[in-house]
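Asker: In case you want the letters, here they are:
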Amino acid sequence: MKSYRKELWFETKTRRAFINITPQVEAALRESGIKEGLLLCNAMHITASVFINDDESGLHHDFETWLEKLAPEKPYEQYRHNGFEDNADAHLKRTIMGREVVVAVTNGQLDLGPWEQIFYGEFDGKRRKRVLIKIIGD
Amino acid sequence: MKSYRKELWFETKTRRAFINITPQVEAALRESGIKEGLLLCNAMHITASVFINDDESGLHHDFETWLEKLAPEKPYEQYRHNGFEDNADAHLKRTIMGREVVVAVTNGQLDLGPWEQIFYGEFDGKRRKRVLIKIIGD
Amino acid sequence: MKSYRKELWFETKTRRAFINITPQVEAALRESGIKEGLLLCNAMHITASVFINDDESGLHHDFETWLEKLAPEKPYEQYRHNGFEDNADAHLKRTIMGREVVVAVTNGQLDLGPWEQIFYGEFDGKRRKRVLIKIIGD
Numbered sequence: 001m002k003s004y005r006k007e008l009w010f011e012t013k014t015r016r017a018f019i020n021i022t023p024q025v026e027a028a029l030r031e032s033g034i035k036e037g038l039l040l041c042n043a044m045h046i047t048a049s050v051f052i053n054d055d056e057s058g059l060h061h062d063f064e065t066w067l068e069k070l071a072p073e074k075p076y077e078q079y080r081h082n083g084f085e086d087n088a089d090a091h092l093k094r095t096i097m098g099r100e101v102v103v104a105v106t107n108g109q110l111d112l113g114p115w116e117q118i119f120y121g122e123f124d125g126k127r128r129k130r131v132l133i134k135i136i137g138d
Numbered sequence: 139m140k141s142y143r144k145e146l147w148f149e150t151k152t153r154r155a156f157i158n159i160t161p162q163v164e165a166a167l168r169e170s171g172i173k174e175g176l177l178l179c180n181a182m183h184i185t186a187s188v189f190i191n192d193d194e195s196g197l198h199h200d201f202e203t204w205l206e207k208l209a210p211e212k213p214y215e216q217y218r219h220n221g222f223e224d225n226a227d228a229h230l231k232r233t234i235m236g237r238e239v240v241v242a243v244t245n246g247q248l249d250l251g252p253w254e255q256i257f258y259g260e261f262d263g264k265r266r267k268r269v270l271i272k273i274i275g276d
Numbered sequence: 277m278k279s280y281r282k283e284l285w286f287e288t289k290t291r292r293a294f295i296n297i298t299p300q301v302e303a304a305l306r307e308s309g310i311k312e313g314l315l316l317c318n319a320m321h322i323t324a325s326v327f328i329n330d331d332e333s334g335l336h337h338d339f340e341t342w343l344e345k346l347a348p349e350k351p352y353e354q355y356r357h358n359g360f361e362d363n364a365d366a367h368l369k370r371t372i373m374g375r376e377v378v379v380a381v382t383n384g385q386l387d388l389g390p391w392e393q394i395f396y397g398e399f400d401g402k403r404r405k406r407v408l409i410k411i412i413g414d
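Protein chains in written order, with our numbering: chain P, 1 to 138; chain Z, 139 to 276; chain Y, 277 to 414.
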């Protein structure tokens, strides 16, 4: 069994952002040389997400509006976590979007459906944060 | 290390549906011959879900009502994604329910708790869509 | 390829609870002897969750309040699942929090970010319930 590990680093200019990381994940898979297996891709921070959905700007706007409705950023004082922090909403938003994805590796490719794209979801940005890619297989 | 891949196809008659796919996943595991490992089962479409919960019709009705409250289908024009589409709500509902499950394989069986059943969750049906099963192990 | 399986058992005194299980998961990894691979940790019950977030009591209070807003426990009769049960809300809350996490294993350690901690989330407690740890790798 082979394994491969790679970190991706991000520092978004805005508090919230969605970044399509499919090309970087594909590059990591090529570097691994693994042809059959499973690929884990997870946020290493608890106010960020890795998720799979559509690369369509209207939908990303809908996600932003919807997450703000389900877990509003403000007023900050509604959350007990916000004593020294202001990012409680980011923990909740990331919970909705999920920490990680697991993707099948088949014939050396990400085995994704036709519209599946992998995204980094940032909910408390403007600082350096990481995503982990771990691949195991043969 | 062995690996096995199988697709399941669906075409629901209704826009939304929950289908218990545990028997099909068990069949794929038997076909694989894998005794110890991990099984990934994921929707290949971004308006559908694979999730684990109870096979109880009252609960499924509760899920439908609850998801409509959290991410209503209508009015369609509330979502920017719905320019040429009407399925923005399906992307959001699937986000709540999740894209995938990973299940342990032990002694050649799905290592599930007493009430765990695997479901395909359709939120934009009436067309052919796929689920991927990928199993790795020995 | 090696594999290792362990169950953790819980019986919370309250209906809802969050328990940091990172030390137990680390112990299972040490017992496995696996140095490189993937670790699955999942609730075996459909009214409980395994999730990763911050070990901060203010945030846990925020989760409790937020989940009660999104999927209130009462009135019980709002849910069809609650014919013989009163735990429909627990199925919904666990859906938000997630069933499982998959964690990379690197150099014999859980490959977690700086604040990532693994939690058992109980939403229908006061009875014995289980978490499954399954590790595969070399």
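Because the hints were derived from the structure by calculation, they are not lab data.
Quick caveat: nothing in here was measured; it's all calculated off a predicted structure.
Where is the CB? At the ideal position from N, CA and C, for every residue including glycine.
Hints may be right or wrong, so weigh each one.
Straight line, CA to CA, 30 angstroms or less: simulated DSBU-like cross-link-like pairs of lysine-lysine [stated by the list, open to error]:
id	chain 1	residue 1	chain 2	residue 2
1	Z	Lys-151	Z	Lys-212
2	Y	Lys-350	P	Lys-74
3	P	Lys-69	Y	Lys-345
4	P	Lys-35	Y	Lys-278
5	P	Lys-129	P	Lys-74
6	Z	Lys-144	P	Lys-2
7	Y	Lys-345	P	Lys-6
8	Y	Lys-345	Z	Lys-140
9	Y	Lys-350	P	Lys-6
10	P	Lys-6	Z	Lys-151
11	Y	Lys-278	P	Lys-2
A few chain P residues that face chain Y, going by a derived Cβ cut-off under 10 angstroms, partial list only [stated by the list, open to error]:
id	residue
12	Arg-15
13	Ile-19
14	Asn-20
15	Lys-74
16	Glu-100
17	Gln-109
18	Gly-113
19	Pro-114
Label pairs and their calculated CB-CB ranges [what the hints assert, rightly or not]:
id	chain 1	residue 1	chain 2	residue 2	range
20	Y	Glu-353	Z	Asn-158	24 to 32 angstroms
21	P	Glu-68	Z	Gly-246	45 to 53 angstroms
22	Y	Gly-334	Z	Gly-246	43 to 51 angstroms
23	P	Asn-20	Y	Gln-385	42 to 50 angstroms
24	Y	Gln-385	Z	Asp-224	45 to 53 angstroms
25	Z	Glu-215	Y	Asn-383	47 to 55 angstroms
Asker: Now, for every hint given, state plainly whether the structure supports it.
Answerer: Now the hints, each set against the structure:
no. : hint                                         : verdict
1   : Z:Lys-151 with Z:Lys-212                     : holds (20 angstroms)
2   : Y:Lys-350 with P:Lys-74                      : holds (27 angstroms)
3   : P:Lys-69 with Y:Lys-345                      : holds (12 angstroms)
4   : P:Lys-35 with Y:Lys-278                      : holds (19 angstroms)
5   : P:Lys-129 with P:Lys-74                      : holds (23 angstroms)
6   : Z:Lys-144 with P:Lys-2                       : holds (23 angstroms)
7   : Y:Lys-345 with P:Lys-6                       : violated (38 angstroms)
8   : Y:Lys-345 with Z:Lys-140                     : violated (45 angstroms)
9   : Y:Lys-350 with P:Lys-6                       : violated (46 angstroms)
10  : P:Lys-6 with Z:Lys-151                       : violated (43 angstroms)
11  : Y:Lys-278 with P:Lys-2                       : holds (13 angstroms)
12  : Arg-15                                       : violated (18 angstroms)
13  : Ile-19                                       : violated (17 angstroms)
14  : Asn-20                                       : violated (21 angstroms)
15  : Lys-74                                       : violated (14 angstroms)
16  : Glu-100                                      : holds (6 angstroms)
17  : Gln-109                                      : violated (19 angstroms)
18  : Gly-113                                      : violated (20 angstroms)
19  : Pro-114                                      : violated (24 angstroms)
20  : Y:Glu-353 with Z:Asn-158: 24 to 32 angstroms : holds (26 angstroms)
21  : P:Glu-68 with Z:Gly-246: 45 to 53 angstroms  : holds (47 angstroms)
22  : Y:Gly-334 with Z:Gly-246: 43 to 51 angstroms : holds (45 angstroms)
23  : P:Asn-20 with Y:Gln-385: 42 to 50 angstroms  : violated (30 angstroms)
24  : Y:Gln-385 with Z:Asp-224: 45 to 53 angstroms : holds (47 angstroms)
25  : Z:Glu-215 with Y:Asn-383: 47 to 55 angstroms : holds (53 angstroms)
The structure shown violates the earlier hints numbered 7, 8, 9, 10, 12, 13, 14, 15, 17, 18, 19 and 23.
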